[in-house]
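Please model the entire structure based on the sequences and the hints provided.
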Amino acid sequence: MAASEALKVTVIEEGKPPRNYSFNQFPIPIGRAARSGIALQGWKVAKLHAEIQQLGTGFKLIDRGSLAGTWVNSQRIVEYGPLTDTDTVVICGFVLKVQIPLPQFLRTDAPVDAAQPAIRGAVANPASRVAPSTGINIRTNTGGTAPRGATAAGTVPATLKPAPTTSPRAGTGAATGIGTGRGAGTASPRETSDADMEQYLKGFEWRRSVHRYLLEIIDLRRKDVRQLSDQHLRAEVETLIREILATRVQLPADIDAEQLTNEVLDEVVGLGPLERLLADSTISEVMVNKADEIYVERQGRLQRCQAAFTSDDAIRAVIDRIVSPLGRRVDEASPMVDARLADGSRVNAIIPPLALKGPTITIRKFNRRVFGPEDLVRLGSANPEMLDFLRVCVENRKNVIVAGGTGSGKTTLLNVLSNLIPKGERIVTIEDAAELKLNHGHLVSLEARPSNLEGKGAIAIRDLVRNSLRMRPDRIIVGECRGGETLDMLQAMNTGHDGSLTTVHANSPRDVISRLEVMTLLGGIDIPIMAIREQIASAIDVIVQQMRLADGSRRITHVVEVTGMENGTVQLQELFRFERVGFDQDGRVIGYFTGCEATPTFYEDLHAVGVKLDLGIFARIDREGERQ
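Residue 287 is where the sequence shown starts when you use my numbering, and the numbers rise one by one after that.
Read the hints as simulated data drawn from the structure, not as lab findings. There could be a bad hint or two in this list.
Unchecked claim - Calculated lysine-lysine pairs in the BS3-like style (CA-CA distance at most 30 Å, straight line):
| hint | residue 1 | residue 2 |
| --- | --- | --- |
| 1 | K643 | K333 |
| 2 | K898 | K684 |
| 3 | K576 | K643 |
| 4 | K723 | K709 |
| 5 | K709 | K576 |
| 6 | K643 | K383 |
| 7 | K383 | K294 |
| 8 | K383 | K576 |
| 9 | K333 | K383 |
| 10 | K330 | K294 |
Okay, here's the thing in structure tokens:
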């Protein structure tokens, strides 16, 4: 940080003259130790009491576990940011005032009416409050000095103009496209040039400055935002942003005002840069590692995304907007949460102190398109022979387990198989987060419920599985077995609910058996391991192994029949597999699907009742696709 951008701190101690500090290096330790950047000599002050860290182009204050605590605006904090000139920090009787530097290329020169209120945005700290219906996080000024750049009459600057272009600062870590009209929120395979980085920094700083400026002048205290619909609130905020850009901000010619308006609007009342990423149909997963580090998955490949949040607090605001309507919360006492968006996309969020780099969000987007067997063939996930066999299994009420790792496509394949169930059957689906999309007329969908803010009211998957047995189901479909519900699922398969489907996490068909044994024991019932294996061998007919390969593609690698028990071991017979040959010059996996020259034991029973079967699908196939 250049000297002109130094953070200035004034320490006020009763009976002594103020002490002034200026800092260019961060973090700034605050404590009793003599080597502290800001030394406070008091018996209640810890050796390392607190710390000021740089947060993008702003700063945040962190309490380092002191007994006496760190207070901002009369509220005890653990982590607080971004700091503003109006904040009053108190540590054991010492009063600290900060003067925040402006971005290098911004300057202020024109005042506005002193009657304008100064409401600054702060998210996820003890001094903030959340508007229930919109998730807007605001905090009101609680006293202290006038805002940065204020005149003697208390006015605040009104015009932002660009100064000569600065060189990009090192360590920004984000890609281009923010506020520049280059399609923010889309990834690019090319390397970021110095010119792109400079343009990004300009657009990012303008967005951040307009955002902060908006929160300073908007008078939300006179409105009950709970009475405004999302559309009305968005319209009002958009009007104010356009007024600021038209009358108080002079943008450079290379900054797209419309793009900047949409980005600031998304960050204030939406999900920030995630809005465009979630709207992009080519993206299957969004991963926010920290404010200026966002990755997306396209076609199975991870790419650094040209998008960024203005600060860690902006990420916390987005998390609050996602989880608040669901009755969930994220704070230091509960730093992890699982939730879902309105469209069914799964969300996981984790915040400091568990996430060391800052608040982290992972969103697995809900696939609005219902895939069919032909789509799996087209995408190379399976061959027609595999899907013909799986169709026979589903139509003739065989119990099927889809296995695979995280992100391997288990849920997509389960959805495809579920849509092969004949019409006229009653289906009950049970999921943690409703993702299955069945085109079936007689369908009952159940969803587990997490505990409320008091830690009560949770309804687990196991409770729903037990309840589904009283709902007269023809088929039970469990989104994923990961605990004690496995025992209930096996019992249901063994007691007349044939044709049930579920998924498990496992790396191979043999691992599926081990996983089912362990998860059954998690049910809390003391059952001999041999009895569990007999239940598994009797209940499960077919295991389908799905894998995400090194090139990001998802394929069915094994289709295995469970044939029974022998010498205390569950016996498996491989029917189909994917043979990997190598990689092409683009790094894509080369391979082919083949049968294993084994016929399922239940095919004889199906043939006896008149089911037409093609036994040729199990023939071995060579690399050229010829049957052997």
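Status of each hint after checking the structure:
Proximity of K643 to K333 is assessed by CA-CA distance (about 24 Å); at most 30 Å being required, the pair is judged to hold. The suggested pairing of K898 with K684 holds, with an alpha-carbon distance near 16 Å, which does not exceed 30 Å. A threshold of 30 Å between alpha carbons decides the hint, and for K576 with K643 the separation of about 6 Å falls inside it, so the pair holds. Of the pairs offered as hints, the one joining K723 and K709 holds, with about 15 Å between alpha carbons and a cut-off of 30 Å not exceeded.
For the given pair, K709 sits about 47 Å from K576 by alpha-carbon distance, which is inconsistent with the 30 Å threshold. For the proposed pair K643 and K383, the alpha carbon gap of about 27 Å is at most 30 Å, so the pair holds. A hinted pair counts as satisfied when its Cα atoms are at most 30 Å apart, and K383 with K294 qualifies at roughly 8 Å. Simply put, K383 and K576 have alpha-carbon atoms about 28 Å apart, close enough for the 30 Å limit, and the pair holds.
Taking the CA atoms of K333 and K383, the gap is near 21 Å; set against the 30 Å cutoff, the hint holds. A threshold of 30 Å between alpha carbons decides the hint, and for K330 with K294 the separation of about 24 Å falls inside it, so the pair holds.
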